Structures are given as structure tokens and as C-alpha cells.
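Construct the complete structure from the given sequences, taking the supplied hints into account.
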Amino acid sequence: MSTRFKSSRKFSATIAASAAAALVLAGCTTNGGGDGDDNGDDTTSGTVTIATTNAANSLNGATSDHNLNTNGMIDYITGNGWGSSGPGTFLNTRANADAEIESNRDETNGSFELVSEDPLTVEYTLNENAVWSDGTEMSVDDMLLTWVINSGWFAGEDADGEPASYFSLAGSTAGLDTTDFPEIDREARSLTITYDEPYVDWELVNMLGKPAHVFADQVDMTAEELTDFFTDAEPGYNEDETLEAIGSFFNNGYAITEMPSDEGLLVAAGPYVVSDFQANDGGYIEFSANPNWQGDAPGVDTLIISFIGDASTQIQQLANGEVDIIEPQADANTVQTLESNGAEIITGDQLSYDHVDLSFRGVFEDERIRQAFLHTIPRQAILDSIVTPTNPEAQILNSQMYVPSNGDDYVAATSENGYEMFDEPDIEAAQELLNGETPEVRILYAADNPNRVNAFRLIQQSAEEAGFVIVDEGDPEWSPRLGSEDYDAAIFGWISPGVGFASLPQIWQTGGGGNYNNYSNSDIDALVDESQTLIEDPERMLEIMTEIDTITREDGYGVPLFQSPGLVAHNGTVDGILYNPNQTGVIHNILEWSL
Amino acid sequence: MFAYITRRILVSILTIVAASFLMYTLTAVSGDPLEELRASNAINKEELIQRRIDLLNLDIPPVLRWFHWLGGVGGCLVPFAFECTLGNSVEGFSVAQLLPPAMASTVRLVTVATVLAIILGVAVGMITALRQNSAFDISITFLSFFLYSLPSFLIAVLLKEFGAIGFNNFIARGDPPQIGLFWVIAITLLSAIVWAMLLGGDARKRIITFVSAGVATAGALIYINVTDFFRVPHLGPVLLFLLIGLTVVGMTALTANLKNRRALLAAGIAGAVAYICYFALQGLFNVSSMWTLMILAVGAIAGSMLIGWIVSLFGPDKGQVIRAATFTGFFASSFVVLDRFMQAWPAYINHPRINGRPMATAQASTTGYTADIWGTGLDQLMHFLLPTISLTLISFAFYTRFARAGLLEVFNQDYIRTARAKGLSEHTIVMRHAFRNMLIPLTTIIAADVGTLLGGALITERVFAIAGMGRMFDVGLQKLDLNPIMGYFLVIAILAIAFNFIADLMYAVLDPRVRVK
Amino acid sequence: MAESTNLPVEEQVKSENQWTLILKRFVTNPLAMGSLVVFIGIWVFSVVMVGLGPISGIWELNHRTPYPQGAPNGAPTLEHPFGQDTIGQDYFAMTMRGIQNSYLVMLLIGGVGTVIGTVVGAVAGYFRGWIDALLMRITDVFIVIPALVIGAVVGRISGDMGIWILGTLLGAFLWMSIARLVRGEFLTLREREFVDAARVAGASDARIIFKHILPNAVGVVIVASSLLMAAAILTETGLSYLGYGIRPPEVSLGRLISDNQTAFANRPWLYWWPALFIVTPALAVNFVGDGLREAFDPRQKRFSRRRTREQS
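Protein chains in written order, with the numbering used here: chain A, 1 to 595; chain B, 1 to 517; chain C, 1 to 312.
Read the hints as simulated data drawn from the structure, not as lab findings.
Since the model is a prediction, treat every value here as computed from it, not as a measurement.
Beta carbons: idealized from backbone N, C-alpha and C, even for Gly.
Some hints could be false.
To be verified - Computed footprint of chain C on chain A; a stretch qualifies when at least three of its residues, placed anywhere within it, have a C-beta under 8 Å from a C-beta of chain C:
id : stretch
1  : 307-316
2  : 334-346
Stated by the list, open to error - Simulated restraints, written as ranges between beta carbons of each label pair:
id : chain 1 : residue 1 : chain 2 : residue 2 : range
3  : A       : A159      : B       : V115      : 22 to 30 Å
4  : C       : L52       : B       : L254      : 55 to 63 Å
5  : B       : P62       : A       : D232      : 40 to 48 Å
6  : B       : V115      : C       : V44       : 58 to 66 Å
7  : C       : T77       : B       : V17       : 56 to 64 Å
8  : B       : I53       : A       : R105      : 36 to 44 Å
9  : A       : D423      : C       : V115      : 52 to 60 Å
10 : A       : G46       : B       : V509      : 54 to 62 Å
11 : A       : S340      : B       : C76       : 50 to 58 Å
12 : A       : A245      : B       : V17       : 36 to 44 Å
13 : C       : V115      : B       : A135      : 24 to 32 Å
14 : C       : P268      : B       : Q50       : 44 to 52 Å
15 : B       : F435      : C       : W19       : 33 to 41 Å
Here it is in C-alpha cells:
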């Protein structure tokens, strides 16, 4: 140690040196007031730690580059309605105690109401005390910014005639793209939008995301000036520099690889603000309570989400007390291990579901062959071998339109759509339909996904019994082949949106982007078109959905198989945990948690 | 010399360029980066696909895209002239921005593992060579063959299960945690046997070693059990005094000779000063930062060297005396620091985020834990201990075998025979003549080994969830995200080549016969 | 021609003596012989049990079929001696299948790597000059990328194309250490008299390389390739553990470990059996390699593990 110099204190030079060293040392110490016993009680009382699979990389999950579920979780609890509707925005999309997805209005900071159905007009109003986490009052500027970004008002074509937009959205501008420039009433803190066409999911449109004053800072304006700029600017894509700057801030400004030094990025409308961050798998993000939160104070002061990609590591971390809650990839090993570790487990279904689709191009052009093939699919056996070990209560999925998380609608649809007839394979019926023919069926699936491999094997076995000749088209690079003609049936997964109907045309309409089966039925096309224009008419919507479900079943479009199992495990530290099938995961009801 | 270095650098650059082509095209053809988007049912799927194609230039065939990538990297070599970019990840992050934080933990992990493996491996290897064909030699040979054949993921899984969860359960269970009688006996016997084999000698000497090592071990274990050492570890003035005393004797014996009075004196003074510092520095320790400790460490080494130098003025064997003092000073002050870490331990394990379970199974630090340098230091240690062990074991076996074979080879050389004939002591022969010459070929090995360890870090970082470069490569490869993979490649390729280069230079420095041309 | 046949015959006689000597030394080394027996024994055992390719073995249970759980928690029973995994597949059949796949990949890596490495090293060492420089630069290029990293990339390319292609491709990227060793050996051997004699006698380059020099370098090749094979087992299982090696539905021991590591605490046999059959063959190959080295070079003069490693 430096004071060893004392031992040779006869050398005056050494004394000088040690004095100098002491000075340097004094400059290099912390101001830790003595014992350095910094237990940090303020940051650790009421801390809950969650492990999640993907590492967050942006505080704005609404962009196409950062559309990750973990980013969505951040959006949810910090109140970025662009990415995920959570407390503090106009809407709160979460699950109830029956694991059914609900989209509730959240009036902490504002509310909206339907002014007229024709033309569809909606008024959004902010509360008087609505305030951002940095203390800035919320204003119409914030809502207008949201509208600008999500409406595609400034989208158009670039010089080459290619579609171009300043904002790279993960979602689409569908719905808001038919609205006119909103009417703004600054005094009343309200913004009114009028749709040119009816829009079925109007109630899911959120008008609060990130603060306009932070965006305005990027182009050296005030929020009000920004609003004026938007009002005066010509719509469409004109390579405007200011919009370019705002767009690039939206697209990449919130992307983070370390804790941002710019406080503006952290400004939140929700109950929590980001207080620490470390990127990549193995890193974490920490949230503290928003000091300016207008709703009820949350029961958990600090939330930490750790990024642990490996399920077994998550399980060990839970067993070792390093995390309190985990949501690992669910398989039977996981459940058993967790049970033997004494963890508390909640199982449920995810919104993603596997299904078999028949391509209407080759051998399945003939409806008789389609029906025969569907009769051979052993859906119960597939469920038993893949899902039941994880979730013993799992049931066959019997609708292409709804999932059980949709609650009563699912029950109503399944009682009429007739998918029950495919629960168990009916080899005799299939043989009868085939009438001695032995059609060749090429089945495409992801060869590196054990569940799909299992499903394929079971289907193969059963279909060959009926006389089909099955060709194994299993391929790890299966996805580019979707929609091509080199397969007849495909086993793969969709993710149900949970709420909303705007994605219907994608899969079911003739020529839809996700309609890989070349399926075309004018009745369905008409029903889908009608569904997109329904306003506040859930009964008719249920009728339409059930009808689409029934007709596509009769047409032999394919069959749904099962929902992927999901699970939450925790160590009992937190009370009030509810399973949530959607991507926000377990934090959906964090405001109801207590320690 | 200058021409040689220039040529080497040019050749290295060409090698990296060619290897990058290999890596780039191979990775590019290994899968479809658009897979997840193609299979999605997003409303604006086509748009999303198009945007990713634009972002990553996926419409250009891989070979041409490599030129594009190379152009960006090449810009980094010519400052100011061109734009320097390593490309973007799928998420739109610049790779140059992603690399540094990922590098930090990997470099730390690999460096510590390498250093530990070299020190332990060379030490154990030399002892086995000196006790050739003894029971100890044979056991270590078997052990090293076993470690050769043990994939690191097997060790890692065991370490997590027993080293972390098992240890934590042990700490949490008892009050105070007790080492069971069976284990006390087992550990005592094992330690007694190992020491007896290590020190060797005739039957009488072995028995003495066996008994004293056994008694010492049993005593230590009982002391640990009685004093609740696992939860309230401590050295304190008494234990510290004993330890420093042992260090003084041990270091003098190792670096010089116990009969060398001046060496013993110098080591003694260095030890005494360290002991005084233990009392003097506690106040400073409480407010220490990283830099304080660095300065203190430099001061400790410089101070010990000074003590050694002053004492050495009074007689011959200058080097030995200075070495004895320096090593003693270094280790003695390490014990003082160790004591301070132990003082911080109770507060650490009782922290609500640690909750009495100190050994971590994953990640590089406890999330949400803040403390002073001692607390965070312990936290780092608890997180890096197991991954470092699992990585060290890969190389340890190899360095052991290498050092053993090397020393045996050197012993067959004529100059060793000459030295023996001259009547030099065995100690001098081993430490002065053989050791240095054995190290010469070791330099070339380290370079090759670092590559192996960087590869091994792939598995270690996966198992222990450490956000390092290995994870970056791993995640990149799963998503087929080319630019981060290439960023990773660049770093490890440059590291590998740099290590080779340094090895060649060190070879030339250590071995006068080799002339760099 | 008359003279030219003379010399090789002499060489042949001498080398035959050498071979007997080497064989004798190897056979009398109990550790090496024991390891060889264990190494081959494990393979034979797995073949007898679950068959090879189309031939079926005496074990009737299939490694892909889920059976009803014979004991709670899939614990080992008489029917399923290694227990059952989550969906009830027979772990014994899976482990045996995994052993065969490990051996196959190991032999492919060893074979392909040895052939490429020997040819490259021999050509470089024999011709020297620019050919040598070029080949060694190419070797450098391959060496820059750590084996596990290039293996992961290669595994991702070929993992779904089947084990044969995976093993062959991996071998094509792991030949560098052998090439360097063989080159070093050739650089020395080509200066020896018998090479000059063969050249004077008008033998072609190819003949000199493969008929005259290579038999003298065969010790280096065999030892190095045994070490490559030991490393190959670890590379394959490591890659499969990471998910880049052998893919389902085929079985890999590394994959078994990674798939079941969550079950370690309550079903440890899912870990220990595959672990045993990864470590044992690797250990056996290492001992065999060491035995071979001692047999070829009892005084450890010419090539040692150390030099093998040094060259890589």
C-alpha cells in the first residue's frame, strides 16, 4: 500500500511522494460518507424481478425494426400507446381473471367518445390534470403527433414512384388513413377525427404515445409550433427535412443499447418510467414508479425485467431466488421441474395456434379429396402428444376466427361452425370419400420445430391408413415456400390478434397477403368486406365471424389444431398474478400486484 | 524489424479479408433472414419484408453484398477519407455501437480464464514433471485427459446445479451453515493425501506432511463451522498475521532461499508494512473507488520493490531479494484487500436483492443491486466465478500437459546437465534455467488457445446468460443477422491474429536464437 | 526401372519391421488397448442394441415413439433402463442412436479432415515455394475462425441435410492442424536420401509423395487424426447443444443434454446417461491417440501433443 513509504521515512523524497499519493488518493475516492453501507433502501423495497426471453432494444416498440414483445412490455407499463395500449393511455388491453383478452378504456389521462356513426367521428379528450412523467402537461399536441404518425398523412410516393413514408410503422395505417386532418380544440384539450369510411376497429385506436414536446425538441420547436407545422405542411411524402428528422427520431431515436443519457427519451405517460438498462441477452431493464402518475399508486415500487433467453436458466434463476416471476417457453419438462422446485405455476394458452392449411392448387382442388384428408387428421392425438403434458386442461381449438381467450364469442362460434366433426379422425369416412384412390399429398412444415414434426408424424400415420400417399416436405426453410405450388398441405402457426378484426382480409379474402392457400369464395369476400365496416354491432360481427368459420370449414380450407401452451411461474413473492395470453405477458395487471 | 512488422500486418489484413469472405458467404447461404416475417400474419407484411430487404441490402447476392460490407469496414482503416461502418443489425442498430458493451464481458471472461489456466496449469504441470511417474503425476495425467474429454456445457450445467443452487441452499439451510462430519473427514483426507503427494520425499516426510496437512485442514474446517464463516467471513488481525507470516516464508522460499537472510528480511519488512497498512487503511477503504484501489495496488508493488531494493544494497543476489519483497508485498496486500471484501460480505448477502443466496446462476451482475466498490466487487465475483471456472477448465488440462512435457524435454537438454554437474541447487536449476526455457514454446500456444477459449465462450455465455460477444454471434446466427455476426468475426479474428503476432515477438524476445526477419 | 524397384523394396522391408514394432508397442500398452476396446465396444453395443441403418437390433423399442410412462416421472425401469423423456420416448434407444450419430460424425470429420489435411500438407511441404506459400496462406485463412464458430455456421447450413453431409462439411473446415503437421514432416522428409533416389529413378511427384514420403509420415497423420477425432466428438456435441449440429428428429447426445437440462434436478438420468456416452468415447480416443503416439515415437522426440497443438 502507498503508506508503506512510511517505513522508509528517512528519505525525505519518499515522504513527498507519499504526500502526493495521498492527495491523488483523496481525489479518487467516493464521497460515500464513511461506511459505504449503501443498501439503497429506496430502490429495493418492493422490487419485483421478471425474466423474459427476448432482450429489449427500444423504448418504442411501434416501429417495424423494434417490434419485439419485450419492447411491447415496456410500452405497456410506460404508457406508449403506439406500441401497446396500457394504463395511462386511452386504452388498456389486458386479460381478465379467466384469461380472456379485454380492451378496456383507461381514463387516467383522458377519454374518448363516439360523436357520430356516419360519418364515423370520434372525439378524444385529455383530463385537466393529465401530465407526463417529467411534469409537462399533456396537450392536444401529443394527440396530434400520434395521429400524424399513425395515419400516414405524410406518406406517399418518392421520386421513383415507390411508396414512401417518414415513419416505419410495425402496424399499418389502416383505418386512420381514411381520416381527414383532425379538428383541434386546445382549450378543451380535445381532438376530433372523422373517418371517410366506417372502420371496424375504431375503438382500438389509441391517441397517446410519446410526448410531442420531446419530438419538437428534435427540430428545435415547441410542441405548439410542431402542431402548427403539421397543420400547415402539405400532406404526402415530399422529402421534407423537418418531417425527415421527426421520422428518423420516431424510427431510431428510441432504440437503445445502453441507458440513454437523454432524459427526454424516458418521459412516460404510464405508471412507470425506465430507470436503468443494460442491453442484450443477460441484460435487464429497470422501472421505477412514475412520480407524476395520476392513477392509484402501484403496489410494486421497482420492476426489473431481466433478459434470459434460455428457459432452463430462467428456471434455475427462479429456484435460486434471482428472479421472482418467469415466463419460459412451456414444455412438459419445464412444468415438471418447476413443480419439483416448488414454484407456483399458472398454465394457459397463448394467442398463437397451429393449424393445417390445404392448398387449393394441386391435388386438393377437388373438394372430395380435401374433405377426405381433413377426416384423417388426428387432432385429439396431436393435442395429447404436444400440449396436454404441459397443460392437462388444454382442448382442441375449434375455430379459425376466435380463440378461447375471446370468451363467449368462441363458445358461440364453436357451437355452430361444425369443427367438432373433425375432433377424432374418421378413417372410414375418408376411405369412402376416396373411393379407393390413393392421392399423393405433400406436407410442408418446419422440420426444426419438434412440435410440427410430431404433428406431421401423427397426421402421416393416420392419412396413410386411409390410403393417402404422404410426401414429407419438412424443411427448416419452410416459410419462403408458403404460397408456392410445391406443397399441398402446410402445418404452421398464426397469431390471433386477440382483439380487433382488421386483419380478417389478410387471410380470408381472395388474394389476401396471408392467403397462401389460393382460397377464393365470393361469399367470404363479401362477408369480410362487411365486417370491416361494422360500427358498434357486436352481434352482427359474431354472426359474420361464425359464418366465415362455417363456410371455410365446409369448403375444406383446413383445420385449426391447438393453441400453443404458455405458463407463468413465480415464487409467491407477488400476489395477484394473472395469466395473460397476449404478448404483453404477465405484467398486464401489474397495478393490481401487491407484495 | 519495421519491414517485418509492416509485412506481417499486410499479410494479416489479407488473411482477415479472405476469412471474412468465407464467413460472410457461408453465413449468408445458411438460411433465410426473412423467415419470421414471411410466416407472420401482420397486415403490412409485404411492406415489412421490403423494408428489411432495403435495410440489409438483401436484394444483392451475398458475394456482392460482401464487397459492400468490406467497403464499409475498409472505410475504418482510412481515417477521414471514407465513412466507417460495420453495417446495421436487423433492428437497425449500428454494429459498431453494439460491439463495445458486448466485448467488455467476453474479454474479461476470456482474459481471466486464460491467466488462471496458465498460472494453475503451468504450476501443476511443473510439479507433475518434477514428480514424474509419482501417484500425483498419474492422477493429474488422468485428470487432464478427463478434462480434455469433457465438453464445457457438461461442466457448466453441473456448476450451476451444485456450485450455485447447491451452495446457496447450503448457506441458507443451517444456522449457522455447517459442513457435515462426513465432508469434514473426506476433505481432510483428500487434502492430506494431495499435500503428501505434492511435497513428496521419503516415507517419514510424507507421513509428517500427511498428518500436518490433515490437522491443518480439519482445524480450518472446524473453525469455519464454529465461527459461521460462510455468512460472516473474516480474517481479522490474528488470521491476517498468520497468513502474512506464511506468505513471507513461502515467497522467500519460492523466489530465493530461506537461508538467504536478506531476502527473508526484505520479505519480512514488506509483510510487516502490509500488516500495518491493514490498520491504517480501513478508513480509506471505506471511501475507496476503483481508482483508489488501482493506485493503492501500484503503490503496494512499487513500495515492496523499493523495500527490496534498499535491503538488497547490503549484499549480493539483488534480484532474488527484490523479487522476494515484491511478491510478498503483493500477496500480503492482497490479503488485506481480501479481508476488506470479507467485511463487506454480510451486508452483501443480507441485501434484499441477494436475499441470502449469493452465488448467481446467470447474468453478469445482480439486476437492481447498487453498492460501494466492495459490494459491487463481490457481486461481480459471484457472477463471474462459475463461468470463469468452466472456461478455465478447458485450458487448464492443456497447459498442465504442455508444461509437464516442456519441462521434461528441457531437463534432457545438455545445459541442464551442465548446471547439475556444476552442483547448482535443484531450486536454482528449475526456477532459473528450466522454467524460462520451458516458457518459450508456451508463447506460441497461448495464441492458439485464445481462439479455443473464444469459441468456448460461445457455450459458456449461453449457459450463464452473459451478454457478451458469444451471445451476439449466437443470437445473430439464429436470426441470420449478418452484420453483428461479421462484427463478432472481425473482433475475434483481429484478436487471434494480434495474439499470434505478440507470441512471435515474445518468442523472439525470450529465445535469442530466433531472429525476426 | 530395375534400380528403382530396389530401393522401395528395401524401404518396405524396413517399414514392415517398424510396423510390427509399433503394433507390438501399442498392443502391450494396457491403457491404450483397453481404451480401444471400450471405444469399439460402445459402438458395437449400440449397433447390436438398436441396429444400423435398415438392419434392426435386438432392442425392440423405437427412439421416436412415445410409450406410456413406465414409472412416475419417467424413472428408469426394466423396460426402459435409461428412463423415458417427457413425452415417453425410450431414453435408452435415444442414447444408443445418439452414440451412433456421434461416432458417424466423428469418423466423417476425422476422415475428411485427415484426407484434406494430408493432401494439402503433403503438397505444400513437398513442392515448397509459391505452392507452399499459397496453401499455407489458405490454411491461415481457415484458422482465423475458431472451430466452434465456423462449425456453428456450417452446422446451420447443413444441419437439416442429414448427418452425413453435416459430418463431411465439418471435416472440410477442420483439417488445418493436420495440414500444418504433415507439411512440417514433409519439409524434413523430402531432404532425405531415399527421396533423391526415387527422383533420380524417375518417379513422378505424385508417386514420391504418396508412395515414398507419406508412409514415413503416417505416424504423424494417425496420431493427429486420432486427436482430431477426440476433438470432433466435443465439437459435434457442443454444436448440437447450441442447436447448430444434428437436428431433430435425429438424436444427438449434446441435444439430449440441452433439451433436458431443465429436468436435471428431478430427473438426473436424462443428463447423466448422455453425459457418460459423450465423455467415455472422447476419453477412450484420447488414450488411444496417446498410446499411438507412444507406439510410434516412444521417446517423444518427433511429435508430441504439444507440437500438434502448437501447429494448430
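Right, here's what the structure says about each hint:
| no. | hint | verdict |
| --- | --- | --- |
| 1 | 307-316 | holds (count 3) |
| 2 | 334-346 | holds (count 5) |
| 3 | A/A159 <-> B/V115: 22 to 30 Å | violated, 58 Å |
| 4 | C/L52 <-> B/L254: 55 to 63 Å | holds, 58 Å |
| 5 | B/P62 <-> A/D232: 40 to 48 Å | holds, 47 Å |
| 6 | B/V115 <-> C/V44: 58 to 66 Å | violated, 44 Å |
| 7 | C/T77 <-> B/V17: 56 to 64 Å | holds, 59 Å |
| 8 | B/I53 <-> A/R105: 36 to 44 Å | holds, 39 Å |
| 9 | A/D423 <-> C/V115: 52 to 60 Å | holds, 56 Å |
| 10 | A/G46 <-> B/V509: 54 to 62 Å | holds, 59 Å |
| 11 | A/S340 <-> B/C76: 50 to 58 Å | holds, 52 Å |
| 12 | A/A245 <-> B/V17: 36 to 44 Å | holds, 37 Å |
| 13 | C/V115 <-> B/A135: 24 to 32 Å | violated, 42 Å |
| 14 | C/P268 <-> B/Q50: 44 to 52 Å | holds, 50 Å |
| 15 | B/F435 <-> C/W19: 33 to 41 Å | holds, 40 Å |
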